[in-house]
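For this one, chain S is given, so just place chain H on it according to the hints.
2 protein chains.
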Amino acid sequence: MKITAVDPFYLRIPNITTAADGTQDTLLVRVRTDTGLEGWGECDASPLVSMAVYCCPMSHGNIINIRTSLIGETLDSPNAVLRLSEKVLRNGLDIQQIQHAYSGAEIALWDVIGQKLDKPVYHLLAEMSGTSDVAHPKLPYASVLFGDTPEATYHIASGLREQGYRAAKFGWGPMGKFGEANDIALVRAAREGMGPDAQIMIDAGVVWGTDYETAYNRAEAFAEFSPTWLEEPLAPDAIDAYGALTEKNPSVPIAAGEGSSTYRMAEDLIVNGGIQFVQIDAGRIGGILPSFQVRQLAEQHGIQYVNHTFKSHLSLASSLHVFATNPDFDLLEYPAAGSELSQRLVKNPFQVDPDGMVRVKALPGLGVQVDTEAIRPYLAPVRIEVGADTVFEQTLL
Amino acid sequence: MKITAVDPFYLRIPNITTAADGTQDTLLVRVRTDTGLEGWGECDASPLVSMAVYCCPMSHGNIINIRTSLIGETLDSPNAVLRLSEKVLRNGLDIQQIQHAYSGAEIALWDVIGQKLDKPVYHLLAEMSGTSDVAHPKLPYASVLFGDTPEATYHIASGLREQGYRAAKFGWGPMGKFGEANDIALVRAAREGMGPDAQIMIDAGVVWGTDYETAYNRAEAFAEFSPTWLEEPLAPDAIDAYGALTEKNPSVPIAAGEGSSTYRMAEDLIVNGGIQFVQIDAGRIGGILPSFQVRQLAEQHGIQYVNHTFKSHLSLASSLHVFATNPDFDLLEYPAAGSELSQRLVKNPFQVDPDGMVRVKALPGLGVQVDTEAIRPYLAPVRIEVGADTVFEQTLL
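Residue numbers (our numbering), protein chains in the order written: chain S, 3 to 399; chain H, 3 to 399.
The shape of chain S in the complex, shown without the other chains:
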C-alpha cells in the first residue's frame, strides 16, 4: 500500500496557563493510505514548531520536510517503517526539531502496519527483535503535579489513594523553589496522603540545574519517605552532574530521560549519567522504534525502563507497546489529571483493571480509536504562507 496523506492537527483547550501540564494542547498526526487504512500518532512537543517540520520549504538536501519524505512511499511491513524513518531523519539531518515532529508520524505508521498485518504493535516489535510476545500487566502510577502547599499536596495524594491508586508521582510546582524544609514537607505530605504501602515518586522538574550537591542532599533527606525514585533533579543536558550525583550513590534511585529527543541523549544519560530509571517519551524521541531501542539498552544495563506520558491515551498506547513484553519493567506512568481534551481524545481509554493493573490492548495496531467527533471542537486550524505559497492549509479532521 502507498502513503497518500500525512496530516498534522493542532488541538488545544481555550485557556492555556504556564502550569507544567502537557495536556493543555497536543499535536496529532494522521497517516492515510490508498487502501483506506489510516493510523494516528501523538507528539509531546510544540504543535506549531512541529507542524512546520511537516511543511517547511526545502533549504538544501539536509532540510527536506516530513511530508515530502513520506507521501507516495510504499508501506508494507515493519521493515518499511525502519526504511522510512531512516529517510525522514536523513532528509531532516539539519532540522533540530525532526525527532519531536516525526514521532507522531512514526507512531501512526506502526498503527497502520499493525492494522494491515492484523497484529498489535508489541507483537511486531517482538517478531522484529526475536523476543517474547507475551504482554504483562503494569502498575499504573498517577502522574500529578504537587499542590502549591504541603496541605494541598496531602489532599491530592489522599484523593488518589481513595481512587484506588497504589502508586503516584508528584512533580514540579513548588518543588525546589522554597528551600529544603518546604521540599521535605511536600514529600512528607505525598507519603502521608498516599499511605505507607503505596509507591511514591518525586519529580523535581530539572529545578537544581547542574547543582548535584543539592540534588544529593535532597535525595538523602527524602529517603525516610521511601520514594521509588527522584526524577530529573538536574537539567537534561547536565550529564557530568548526573554522573557526579549517581557516583555518590544517593539513597533514592535517580530517574531521568523524558527530555531525550534522540536515542543518544538517552544512551548518554544511562552510560555516562548513571541513572537507574530511564523515562522515554515515544512522542519526543522519534516514535516507537527508538523507544524500543532504549528499552533494549536498559535491559543490557540492568536498569529499569519507564514510559514518560503526559498526553492522552493515544500516547499511552504507543508507550505501552514499547515495553509491554518485559515483566520486570512493571511501572506505567498513567496520566490521572489531564485536560478534558486529553481525556476525550480516544474512544477506548485504558482502564485500571480490578486487580489495579493496566494491560496493553491485544488489538491490531495501537489498539485505540481516536474520537474525531469529540475532539473537533478543540481543533486550531493552521495556515502558513511563505512568499506567494501556502505551504500549509488545514485538512479536515
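Take every hint as true, because none was put in to throw you off.
Same chains, same label: a pair holds when it works inside one copy or across any pair of copies.
The calculated EDC-like cross-link candidates involving lysine to aspartate or glutamate, where the alpha carbons are at most 20 Å apart (straight line), are:
#: 1; residue 1: Lys-179; residue 2: Glu-88
#: 2; residue 1: Lys-89; residue 2: Asp-213
#: 3; residue 1: Lys-118; residue 2: Asp-78
#: 4; residue 1: Lys-179; residue 2: Asp-213
Rather than coming from a laboratory, the hints here were simulated on the basis of the structure. The structure presented is a predicted model; accordingly, all values stated were derived computationally and were not measured.
Quick look at chain H alone, frame taken from chain S:
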C-alpha cells in the same frame, strides 16, 4: 535599554536544489531596542521551523516562544545576555528546535551590547572570561563541494589555487557513494589541483553512518595526500562509532561537530568521541556564548577549535569573534562559493588580506553591516495563522 522588537526574516534564492549548499536560503534575526540601537544575527537552520519558535503559542511553562521571553527585557551588559539566554532556554525547555532558532537572536544581542559598550564582541568575551583580548589572524580555507568527478574536482581545486587560497576543504557530493577507488581519486584530484604546499581538508558528509571500519580504511587510504583532517565520516550522533574510530588512531585526524545543536553534543564528541578538531556553528548551537564555551573545552582538552560556517559573512563574523583571541586555533572556514544572496548580505565582507590571512574586525559589536537594500529582493514574507489568531506577520526589512 529595553528590547522592543525581535524580528526574524526568511530570505532565499529563487530555485533551491538538494545540493549540500547552505547558502540557498537563510534566517536573519534583528533585535531592536528603545535606544535605536539594533543588532543582527544569522541562523544555519530551517528558516520556517525556526521562525515558529519565535511565535508559537504557549503550550505550558516549558514551551514559551522566544519573542515572549525577550521583548520588554533590559539589555545593559554581557551578563544580561547570559541571563536572557538562560530565560529563553528555560522557557523553551521542551522545544527541540530552541537552540537552532535562538542562535540568531543571541548573536544579535551580542551585536547590540557591543555597539552600546563600543567594543567588539571578542573584547567582551575576553573580559568576561579573563583571557587575552588580542586578536590573531586566521588562515582562511575555502569551503567548497567536491565536483561530480575527480576531473571536475581538480578544476575546482586549481581554480581556488589561482585565486590564492592556501587551504581548501572539499566535501559531500560524490564522496563515499561510488566506492573506494573513486573516493581516493577525488582526494588525489583535490591535492593535485591545490598543489603540494596547500592544506586540504576532506568532508565526508556523514556518509558512512556508524561504519567506523570503512571510515578508518578511508582515512588510511587518504593519508598519502596529507589532508589536515577527515571531517564527519560518521553520523553526528554515532558517538560510540567515533570513539571506536579514534581509538584506532587513524593517520588522518578526525574532525566533527557542526551538527552540535547543544553544548553537550560537542562535549560528547570531544570527551567520548575522541575527535581532534571540533567544528562549531554559532548559528546552530545557540549562539556565541555556547560556542565560546566549546572553545574553552577544546583548550582544556588540547584539541583544535574551528568554526563551521556555510552561510553569509554575518555568520562568519559571529564565528570569528568566538575564537579570534586564540593564536593556536588558526584555521577559518571561509565560504568561497556561496549564493548571490549570501555574498550580498553584508556591506563590508571579510577580505583576504595581502598576507593571505583574514582578521576579525575591531569594530563595535559584530563589526559587519547587513545590507538591507541588497537583500530585500530575497525576502519571503511569512504569515502564520493558528485558530483565529495571526501569530506571525512579516515586519518590514
